[in-house]
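Position chain B relative to chain A; hints supplied.
Number of protein chains: 2
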Amino acid sequence: MTVREPAFPDLEHLVSPTSVVLVGASDTPGSVGARLTENVIDHSSIPGDVYLVNARRSQVHGKRAYSSVLELPTTPDVAVIVVAASLVGAIVRDCAQIGIPFAAVLSSGFSEAGGDGVALERELREIADQTGIRIYGPNSPGISNIRARIGLNFSPAFAADLTSGPIGLATQGGGLGRTLLQASDRGLGVARWLSSGNEADLEISDFIHHLASTDEVEVIVAIIEGIRDGARFAAAALHARAAGKPIIAIKLGRSEYGRAAAMSHTTSMTGEAQINSAVFDQLGITEVEDISDLIDTAALFAQRRPGPHERVAIYTYSGGTAALAADGIGARNIELAEFDAATGNALEQALPRFGTRSNPVDTGTEVLAKPEMVRASLEPVLRDPNVGLTVVPVPIEMGQTTATLAEELVGLARTSGATVLPIWMTDRLGLGYRILTDGGVVPSRSLSTGLNAIHSWVRAGRRTLDFEPDWRPAVMTQPASASGVQGATLAENEAKALVSRAGIETPAGVVVSTADEAATAAARLGFPVAMKISSADIAHKTDIGGVALNVEEAEEARQTYLSILESVASAAPTARIDGVLVERMERVRGYEALLAAHRDPTFGPIITIGVGGVLVEIMKDAAHAMAPVSSDTARRLLAQTQLGQIMTSPRGRPAADLAPLANAIRALSELISTDPDIREIEINPLLVSYDGARVIALDALAVVASKGPTDD
Amino acid sequence: MTVREPAFPDLEHLVSPTSVVLVGASDTPGSVGARLTENVIDHSSIPGDVYLVNARRSQVHGKRAYSSVLELPTTPDVAVIVVAASLVGAIVRDCAQIGIPFAAVLSSGFSEAGGDGVALERELREIADQTGIRIYGPNSPGISNIRARIGLNFSPAFAADLTSGPIGLATQGGGLGRTLLQASDRGLGVARWLSSGNEADLEISDFIHHLASTDEVEVIVAIIEGIRDGARFAAAALHARAAGKPIIAIKLGRSEYGRAAAMSHTTSMTGEAQINSAVFDQLGITEVEDISDLIDTAALFAQRRPGPHERVAIYTYSGGTAALAADGIGARNIELAEFDAATGNALEQALPRFGTRSNPVDTGTEVLAKPEMVRASLEPVLRDPNVGLTVVPVPIEMGQTTATLAEELVGLARTSGATVLPIWMTDRLGLGYRILTDGGVVPSRSLSTGLNAIHSWVRAGRRTLDFEPDWRPAVMTQPASASGVQGATLAENEAKALVSRAGIETPAGVVVSTADEAATAAARLGFPVAMKISSADIAHKTDIGGVALNVEEAEEARQTYLSILESVASAAPTARIDGVLVERMERVRGYEALLAAHRDPTFGPIITIGVGGVLVEIMKDAAHAMAPVSSDTARRLLAQTQLGQIMTSPRGRPAADLAPLANAIRALSELISTDPDIREIEINPLLVSYDGARVIALDALAVVASKGPTDD
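Line by line, the protein sequences are chains A and B.
Residues in the first sequence are numbered consecutively from 1, following my numbering.
Residues in the second sequence are numbered consecutively from 1, following my numbering.
Where hints are given, some of them may not hold.
Derived list of chain A stretches under chain B, where covered just means 3 residues or more per stretch with a C-beta under 8 Å from a C-beta of chain B [what the hints assert, rightly or not]: (1) 124–135; (2) 328–336.
Covered stretches of chain B, going by a simulated chain A footprint (3 or more residues, C-beta under 8 Å) [what the hints assert, rightly or not]: (3) 170–177; (4) 240–253; (5) 278–288; (6) 326–336; (7) 421–428; (8) 441–450.
Note that these hints are calculated values from the structure, not bench results.
We put the beta carbon where it would ideally sit given N, CA and C, even for glycine.
Next up, chain A with everything else stripped away, as it sits in the complex (with noise of 0.2 Å):
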């Protein structure tokens, strides 16, 4: 089985070039051409030359234009072009000729334009391919290297793209990217921007992989519209992982509107943004649902990594603004830090008239007109060792005494290294707000946002404890399965078949083609038995008279058999049928699971874990995971669940041993990752006995990649 290992492209002479080609280069004011020229001659810092192409001109910009790359004196590490998109496929095979290692093709009308462009998309896909010239593009805003000062790109505004920080950027369009540079108004610092517009050969995973190999970069933020694929998007991400930068990642089309909207080309399947955000989940990506977000849990993440175990601390000067606040924490199920007794006396001693001691702290607004007495009442609270952030909300712009306020928690955060998140809830941007944005410290400006940017930076904490190191999902090593081939459901036992192979149990029956069979079966197998007729050509068995439950006798049995069958004639005549299955029922008393495993396009093998029976349509409590999951990732998988919580807090029973559905959950999801011929695996119900022991598939339907006998 040949053994999937996505590999990497270094980027950094494309995001970092000595030196440059600008294809397309231009003086006519406004054009893309020149918008271009000008970010790169006149605010960019190349270290080497900036060669300039324009067909018809042999000036542009006050420099020498070549009319074709072929003529250039050597050769640059990226060709940025910006011509026509039908003139851009013979451009960038000139580029590759003399050796040229990127293109950077920020024309639009390729794919997304329809039409030619479609054809002109794929003949660069073709050119990646044959030359091995790595094509950035098209369709894409350029490239952003804020931190170096160079500007692949064509914004008018990059001239003003000062602020760089940690942050490492991946995107796919344009415009959201720059809600995200243009947080360099509250503080937000930005190192590279990447943005993949069509995808013809380099892709966000790609970018990803970058920016967690780049020093300068900390924290990655990736707004993404789709994933080409989830094998190197999977590699990206636990190589970002292994480097300890968090991805903060926003995914777009997540409902049918916004698939809709975004014309993405993923299958639109029904909870699919389910399993994408618990993938992202598994990898250790954080993800968020709105550019406030994404701003303020970036900015928190890059102030500082959290710890397993981070607990909060509320600092504000009004009573309500307290209350919310712990509201707002105790709602996100984030843990308020209890104070050490020192800090509850220097915050009696700071705060004589209110008698403050424990957290959250309300100062006032009159003791804030004092810095020293700010100072006094802050600086313990930011020391306490049970305090992990001191969130401090700003309800009112207070002139002055904001400003102190401010003044003082820039000031402290610095000497004492500890992490703040303060919040400019009010609309009113005074002094304090230029201080905490001049300070370095990015202010969330709603106590929602910044609780949520909290949340996710806790969470992301407590999740590091379930780090396996060494764990790849089935997609990264597995050949992906033919997605071309038809599936064929199978019957109810050749499923059952597929369970027992992954070591669960399933009932002892056996399919019987005749009356007497029937109870013979029966009276081997043990009363009282099941009788289901056998048909892969019959998802709905009971509703036509093909279950029976309870026989009791070999004649009862005998007697079934047949107005099984006949039932089934009348009301699914074409059906071909196997016979009737014969099973013993199990005594055994318990918890109704599903239990499912099925193949997804983009991330392959998914494990999916929860209440089934008569209930799994109104819980929808359903976690997934990428296949394979080790036992204790299934338990913890469980853990998400309501079948998890029942099992654990039953009412009026012992808790149930979670061990042998951890178990199960483990070996059906090994099953799938190392049969690429499975493509979808449902047990429901899954009998778990209430004790948690015994663990039985009642009823399986499996779909194959085609009809045939899957033991080994």
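Okay, now just chain B, sitting in the frame of chain A:
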């Protein structure tokens, strides 16, 4: 039975006084007295006299100062008092003596300070009761009548509070109210702000009632820390609803961190915050969780009150933003509008290069540079008959481009009368942002907040269909039950007798005192029977061997009687035993519900419905409402629960008839509403047959005000 009719004072002369006296007027720079004096004399437009009282000076702020209110030549409408807490009581008595109708006590040092302050506040309450003067405060930040330019407060910011608008603001503390006033920087206009402080007399419900009665107020915003009197609150809210004035509210103290553990069995399971939220919903109050949501939601309601079927359009110039907004709309279950054919054609003409003719509209950035192109594409969307609201996310500040968009949006909204919500997502606040805020459209500052506001708005519109104009909760029409009286738990058969009184079926049964009686009773009832120990002292009967099910024969009943008594005697030797309850076991199969009623200390009788049985703690599926409820309201409550969902779309069964269960909910809600002795009734499980036709209380628990017969 005495009916409580909550009455409300007319506060017009408090909020818009013709003349006032300031007690504690001062010249001392920065003092509370000086700030109050400046706000009233320099920054307010009081039509009549402003008197100053200062016990130690004859002149203040260049005006005559009286030494006591008793010296005043005429009687003002309001005395604003800022002297030390210990002096306030005597001054309020003087005010009452000369017939001043309102005393606004801004001084602190009352109950919030503890100690003597508690007694000082009690004295104020007594003066109000004895003399009829109405007291505002104490410990209040004052009154801001921004529309009329009257500031009876000591805020240094009042001089700048010049943006008035249709919002009426009622708070209890001061801090967060001022956050709302500072949203004037975003275009929000507040007409009047009242803040009740410690509520010695006037309370937040009085202000809500006042604001609802004031023509210039269209939307009421409330920030609520605690509700003193649920009946008056409900009456004020229903008054606002009848007046067509929506209330947008934040309730502080929703989390564990902010409140004590609830008392009753049912509330401790679901929590006080859920009851509060359910009551708000029932009263038509829109509850939000953050100040930013409060601002955005209030601004949207102020723009237009929602109809029952609002659909939304998205108009933006960034594809990623369109997708993100569409995702947010999908996640919130808001409907995107389908455009008219005419709109589609107009869009195709206006945006030829993109060919967008559907919702969301993504124009691209180039189009936006031209005002006529913006108009040609935006106007048909705003005027589309299927579009109730157009959301316009602005992800990036783009100088003239975004200014043009803002200008066209403001202009077209005005001429078309369309409801619009721009969302200024970027931290860069440029000219376009100013055009919006100055143009009377309050932009949201994040997608989440804006879409939360739209969600609340659409939902409130849908809810108008549920309005039962004549409905009044029991808390408004019944005397409060004596909460001091000790509650007594009833034995199961007594609790079931109560349930029967509500017309809800209970199993046929009888309490027996000997083994022979048990056998006879069982035979008479018909086998199988259930047998349970009958004792008000035993809550968990099963755990101590006090329950036997499926007793099949007379002799078995006899033996079971003895073994139950033996088990109970050894496990609970001190429990008082009434005997053993013998009940016919119902052969009905169905859903297990929990139906409960209890008495909330603030809101009176509350009804609860949800999934019951063993799943109750796991599924936490409880909907609540103030009793009594109609069958229609009961059915809507049911629709909010997973129980209602599973009954209406069960797997493999016809949908259940909800009417019998809705009737049972109504009946129990009427029982607790009309019998003030009932503290709590919990029926769990309430068995609802799969077809819905039969509703049987299999177990019941009741607490009443005093032990004894509760039948009429």
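Find the hints from earlier in the document that the structure breaks and name them by number, from lowest to highest. 1, 5
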